[in-house]
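Colleague: Model the full structure from these sequences, guided by the hints.
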Amino acid sequence: MSADSIKKALSGDISIGSIVKIQGWVRTRRDSKAGFSFVSVHDGSCFDPIQVVAPSDLANYSEEIQKLTSGCAVICTGELVESQGRGQKFEIQASAVKVTGWIDDPDTYPIQPKRHSFEFLRDVAHLRPRTNTFGAITRVRHVAAQAIHRYFHENGFFWINTPIITASDAEGAGDMFRVSTLNMTNLPHNEDGEIDYEQDFFGRETFLTVSGQLNVEGYCQALSKVYTFGPTFRAENSNTTRHLAEFWMIEPEIAFADLDDLADLAEDFLKYVFQAVLDECPDDMAFFAQRIEPKAVERLETLIGAPFVRVDYADAIDILRNSGQKFEFKPEWGLDLQTEHERFLTEKHFDAPVVVKNYPVEIKAFYMRLNDDGKTVAAMDVLAPGIGEIIGGAQREERLDTLQQRMAEQGMDAETYSWYVDLRRYGTVPHAGFGLGFERLITYITGMSNIRDVIPYPRVPGRADF
RNA sequence: UCCCCGGUAGCUCAGUUGGUUAGAGCGGGUGACUGUUAAUCACUAGGUCGUUGGUUCGAGUCCAUCCCGGGGAGCCA
Numbered sequence: 056m057s058a059d060s061i062k063k064a065l066s067g068d069i070s071i072g073s074i075v076k077i078q079g080w081v082r083t084r085r086d087s088k089a090g091f092s093f094v095s096v097h098d099g100s101c102f103d104p105i106q107v108v109a110p111s112d113l114a115n116y117s118e119e120i121q122k123l124t125s126g127c128a129v130i131c132t133g134e135l136v137e138s139q140g141r142g143q144k145f146e147i148q149a150s151a152v153k154v155t156g157w158i159d160d161p162d163t164y165p166i167q168p169k170r171h172s173f174e175f176l177r178d179v180a181h182l183r184p185r186t187n188t189f190g191a192i193t194r195v196r197h198v199a200a201q202a203i204h205r206y207f208h209e210n211g212f213f214w215i216n217t218p219i220i221t222a223s224d225a226e227g228a229g230d231m232f233r234v235s236t237l238n239m240t241n242l243p244h245n246e247d248g249e250i251d252y253e254q255d256f257f258g259r260e261t262f263l264t265v266s267g268q269l270n271v272e273g274y275c276q277a278l279s280k281v282y283t284f285g286p287t288f289r290a291e292n293s294n295t296t297r298h299l300a301e302f303w304m305i306e307p308e309i310a311f312a313d314l315d316d317l318a319d320l321a322e323d324f325l326k327y328v329f330q331a332v333l334d335e336c337p338d339d340m341a342f343f344a345q346r347i348e349p350k351a352v353e354r355l356e357t358l359i360g361a362p363f364v365r366v367d368y369a370d371a372i373d374i375l376r377n378s379g380q381k382f383e384f385k386p387e388w389g390l391d392l393q394t395e396h397e398r399f400l401t402e403k404h405f406d407a408p409v410v411v412k413n414y415p416v417e418i419k420a421f422y423m424r425l426n427d428d429g430k431t432v433a434a435m436d437v438l439a440p441g442i443g444e445i446i447g448g449a450q451r452e453e454r455l456d457t458l459q460q461r462m463a464e465q466g467m468d469a470e471t472y473s474w475y476v477d478l479r480r481y482g483t484v485p486h487a488g489f490g491l492g493f494e495r496l497i498t499y500i501t502g503m504s505n506i507r508d509v510i511p512y513p514r515v516p517g518r519a520d521f
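Counting from 56, one number per residue, gives the positions in the first sequence under this note's numbering.
Note that these hints are calculated values from the structure, not bench results.
Predicted, not measured: the structure shown is a model, and the values here were computed from it.
The reader is advised that the hints may include incorrect statements.
[Claimed, not checked] Below, computed lysine-lysine pairings styled on DSS-like, alpha-carbon distance capped at 25 Å: (1) K430 / K385; (2) K280 / K326; (3) K88 / K122; (4) K153 / K122; (5) K403 / K385; (6) K144 / K62; (7) K169 / K122.
Modeller: Written out as structure tokens, the structure reads:
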């Protein structure tokens, strides 16, 4: 017979008395001398494990079932019955329990039915998905990803698979990972004594992408509403709870749109994703609220129900300066907001996500649209309590001469970006887009405090295990 | 990269002003008991105290070094 997921077995959709087969991994085993053992089995399909009641008259009872420990893989067949005990509605009265995989040395099996530190679990990243917390994170991550695609699809956006290997540095800042097939122990050199990248695979220097934005702009100015959702790489030596060297980024780009349109999109989009997770992962979210972040559910509900706070950069600076709060770095027009400033705005002053708009031109990237005041650009950041910047975006500079002037000011290579400038030469339109760090979003939703714990196998400076 | 904190049993931790044989809970094993719920009770096994060097009669404890981890900052998503 075919197997059912534990989710289905617990759903109430299977009639009592049916014979079911479930397959999964043992979480705990409790023996009763009354003649049976309780085996708690999970398969990842839902938060709850199912309780399998294995009677002592099973052929392999004393030889196998009584020797089950956490982590053993089992296939259980039996009657789905209403539970006689408290704590679960249904359970399986087993007629057969087949053990497909034992634990080599139960004494040293890392995943025990107890609380582990997240630091320890990072060292066993291949086994941590078996825990409650990482099972829940994985399901939430999946549901959020699906909701993101669904939101865009339903709103007429096209998913654009921008290249992962690139020759251009999309933001003019930040170290990139080099992509090369040259023999590193015997590098070819040109006449000037420099490394001869003409002999490399692509005939030039190439890197892993730090953003799909520049590429997606081309598709935006043809298909109007587009987005990217893919892996992104930053070789910065950042050692924080909110940075990864490899992460997933979502970058919508909309044509015939200005900064306010973009802020509207960011707000509508985030609310949709939050609602989807609340709707589709109630058990997992309840777990986060119970064990990880007490306000995990409440704050999402609050956020969905109220408009986002929007504030101009200049006004944010005034709020900070008049706050009476002592800051290590004094807030000043022209300087970027420090983490302490963002925290004050999101956690104390507004106690909500905040959209900060119109930053000084000096502190923002070349492609952001210059405002009429000549001092600011149409950029926006969405700041979330506890996380900081979750979204960074801007209306793009669509005017050819202004863009060229800004590129020249920053000493950028016109040749490398000629194709990007072309987009302003041929049917240019006002357009805007933002970048959302997927893992930062998951961090915010779940209340997990370290971004390394919301991606399956984190890559950070000095570590690429697994 | 900078600042601070940490590294003791499979895991989570305690370990006094430096002093005999380094402890607990959970997990593992054995037994008892029970429709159990991270079950309970008893017994039991399990440690190169991160590395290297130094101070000392004596170092888990003090100093230096390196390695690793965590938190904060910068940069950003």
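Colleague: Confirm or reject each hint.
Modeller: Okay, the hints, checked on the actual structure:
1. K430 / K385: 20 Å, holds
2. K280 / K326: Given that 25 Å is the threshold and the Cα spacing comes to 19 Å, the pair holds.
3. K88 / K122: 15 Å, holds
4. K153 / K122: 12 Å, holds
5. K403 / K385: Judged against 25 Å, a Cα distance of about 17 Å means the pair holds.
6. K144 / K62: 13 Å, holds
7. K169 / K122: 19 Å, holds
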